[in-house]
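Peer 1: In case you want the letters, here they are:
Number of protein chains: 2
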Amino acid sequence: MTSDCKKSAELIDGKKIAGDMRKVLKREIEEWVQNNNTRPPSLVAVLVGEDPASQKYVHFKMNAAKEVGITSKTINLNTSITEEELLDIVNKLNQDETVDGILVQLPLPEHVSERKICNAVDPQKDVDGFHLNNIGKLCVNKDTLIPCTALAVVELIKRSKIETFGKNVVVCGRSKNVGLPIAMLLHSDYREELPGMEATVTICHRNTPREELIYFAKRADIIISATGVVNLITPDMVKPGACVIDVGITRIKVDGKTRVVGDVDFEGVSKIAGHITPVPGGVGPMTVTMLMKNTFQAAQCLKAST
Amino acid sequence: MTSDCKKSAELIDGKKIAGDMRKVLKREIEEWVQNNNTRPPSLVAVLVGEDPASQKYVHFKMNAAKEVGITSKTINLNTSITEEELLDIVNKLNQDETVDGILVQLPLPEHVSERKICNAVDPQKDVDGFHLNNIGKLCVNKDTLIPCTALAVVELIKRSKIETFGKNVVVCGRSKNVGLPIAMLLHSDYREELPGMEATVTICHRNTPREELIYFAKRADIIISATGVVNLITPDMVKPGACVIDVGITRIKVDGKTRVVGDVDFEGVSKIAGHITPVPGGVGPMTVTMLMKNTFQAAQCLKAST
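Going down the list, the sequences are from chains A and L.
Taken in order, the first sequence gives residues 1 to 306; the numbers are from UniProt numbering.
Taken in order, the second sequence gives residues 1 to 306; the numbers are from UniProt numbering.
Simulated from the structure, these hints should not be mistaken for laboratory data.
All C-beta atoms in this analysis are idealised placements derived from N, C-alpha and C, irrespective of residue type, glycine included.
Just so you know, not all the hints are guaranteed correct.
Here are the simulated BS3-like cross-link-like pairs (lysine-lysine), alpha carbons at most 30 Å apart as the crow flies [as the list claims (entries may be wrong)]:
1) L:K116 <-> A:K142
2) A:K176 <-> L:K161
3) L:K116 <-> A:K116
4) A:K176 <-> A:K239
5) L:K92 <-> L:K56
6) A:K142 <-> L:K176
7) L:K176 <-> A:K116
8) A:K158 <-> L:K176
9) L:K116 <-> A:K218
10) L:K176 <-> A:K161
What the simulated footprint calls covered on chain A by chain L, stretch by stretch (three residues with Cβ under 8 Å from a Cβ of chain L suffice, anywhere in the stretch; the number is not a length) [what the hints assert, rightly or not]:
11) 138 to 151
12) 159 to 168
13) 194 to 204
14) 215 to 223
15) 275 to 285
Use the sequences and the hints to build the structure in full.
Peer 2: Encoded structure:
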């Protein structure tokens, strides 16, 4: 029996890969702290309001920080906070030399401009990679702090030894924090600063007709879906052997219980695809890990510039 | 005979459209100057060295400025200029209140970092839209100064009443100043600040295999080529009725004479396409016109902020 005959895609185990990476990162951070006789990297999360999903994400991030030896703190704020007060808090964190990474958990209350807050974070401490300057740098393929989900997707592809050079990639979803940076990294030029992935990238979105999505997806060597549309990616649109990365996170009720699902019909697609990420346990834990990498990177850069 | 029977694509006459736009722009600028009792908008071009193509482009730009009532000046510099000296000149222009738009003609000599120079231009005077901050804003669909070629392509598509919503667009070439901003504008979300074009965009480049380019191009409602590869776009890869926009500019010798050609096999493709731009006389004159629009926009913003 050749490998072509296998009936089920290889699982890209994000949880395991993330665990492995965190062990290495922990060691690297320990060494850096020792060699530079310095304090550990530090991360501050700003959490406005009591959205359960946001609380959970921040909780995961703080746990991961602990796991790799990053000092962390969460600032919990009431939704009644004004934009000005929040800008003030961000500015204080910018000036605080004991803080390397700042993340403001999105979404923010409607009366606060997310763009203004993201741009207020010192670009060097912007471990989410949401500052306009960092987005601009990513677009011109300069090394910088890059959104963690995009880094997570690239890392999973690389570690699964999926070729991207000259391959076709479909990215579903064009959000500024997820879909767009993924598309940027995947089509990037290897002659520039960032690791060039050199894929041909098609950006699909809510206004891509389904038959067109199918046309592009059927030709794709890699499908990356980041839409929050449950069962968007079905087996009929996947090329046998393709790699399918599911970035979607949707909470649904099944028999009264809340379950987290992605964009991909996992059961069906895993019979066709060559590689597939599960939800949960795929991109999620890797995203949190890349946040730790970004925090370490920010700490190193800040240390080097003092 | 219905229009389906016609044998030749409708020509998108960039030169004529640009001429019409300049007449309107001239009137708008006159009115603005009068209503605000202010000096006309002003544009300064910085030209390093004696590259004939660069000289010609700057010459076109200065002529267009004159045509629409923008004051303009070219600073000619020797290729021996250092990066520091050039940064100094840019800084002086940034501080000069009589200057609204600054354009540094690219390419620059090898010993000068183009990225550093582009980032030195005050983002508010950056009429080329090359500053990292402006690139970042474009990527998050915020209104800003956008690269002129991308604006030209969009304007030609709109004025030719080509639908983009939910349509397929292939962009060939991913350069930071041309291909990438075109792809950004074409897939943009109509719910954001910039006029959302809402197309499904495939970004092809030098490492896209030809058979894959054909697969995408054959499905495209709009093909935009910005590569400098002569005859890249051939009739066999064009869907009947598609719109083909040729951004390429290559100088070739024919019978001892220099001719300018684009990326598209014009003769062949115009038998298949529904709309086509010529080279020269297509995107080129529109790009120069959009530079004038950007200069006017910069002048208005600077005036409003004083």
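Peer 1: Now tell me, hint by hint, if it's right for this structure.
Peer 2: Hints, one by one, checked against the model:
The straight-line distance between the Cα atoms of K116 of chain L and K142 of chain A is roughly 12 Å, inside the 30 Å bound, and the hint therefore holds. Of the supplied pair hints, the one linking K176 of chain A and K161 of chain L holds, its CA atoms being roughly 28 Å apart against a limit of 30 Å. For the given pair, K116 of chain L sits about 25 Å from K116 of chain A by alpha-carbon distance, which is consistent with the 30 Å threshold. A distance of roughly 27 Å separates the Cα atoms of K176 of chain A and K239 of chain A; the hinted pair therefore holds under the 30 Å criterion.
Between K92 of chain L and K56 of chain L the alpha-carbon distance is near 25 Å, which keeps this suggested pair within the 30 Å criterion. For a cut-off of 30 Å, the pair hint linking K142 of chain A to K176 of chain L stands: about 11 Å separates their Cα positions. Only pairs whose Cα atoms come within 30 Å are accepted, and K176 of chain L paired with K116 of chain A is accepted, the gap being roughly 25 Å. Of the supplied pair hints, the one linking K158 of chain A and K176 of chain L holds, its CA atoms being roughly 25 Å apart against a limit of 30 Å.
Among the hinted pairs, K116 of chain L with K218 of chain A is inconsistent with the structure: their alpha-carbon atoms are about 42 Å apart, more than 30 Å. A distance of roughly 28 Å separates the Cα atoms of K176 of chain L and K161 of chain A; the hinted pair therefore holds under the 30 Å criterion. Counting residues of the stretch 138 to 151 of chain A whose CB lies closer than 8 Å to any CB of chain L gives 4, so the stated coverage by that chain holds, three being the minimum. Coverage of the stretch 159 to 168 of chain A by chain L holds. Counting CB-CB distances below 8 Å, 3 residues qualify, and the rule asks for three or more.
Remark: the stretch 194 to 204 of chain A is confirmed as covered by chain L, as 6 of its residues place a Cβ nearer than 8 Å to a Cβ of that chain, reaching the required three. Requiring three or more residues with a Cβ within less than 8 Å of a Cβ of chain L, the coverage given for the stretch 215 to 223 of chain A holds, as 3 such residues are present. Interface restraint, the stretch 275 to 285 of chain A with chain L: violated (0 residues with C-beta to C-beta distance below 8 Å; minimum three).
Checked against the numbered hints above, the structure violates hints 9 and 15; every other hint is satisfied.
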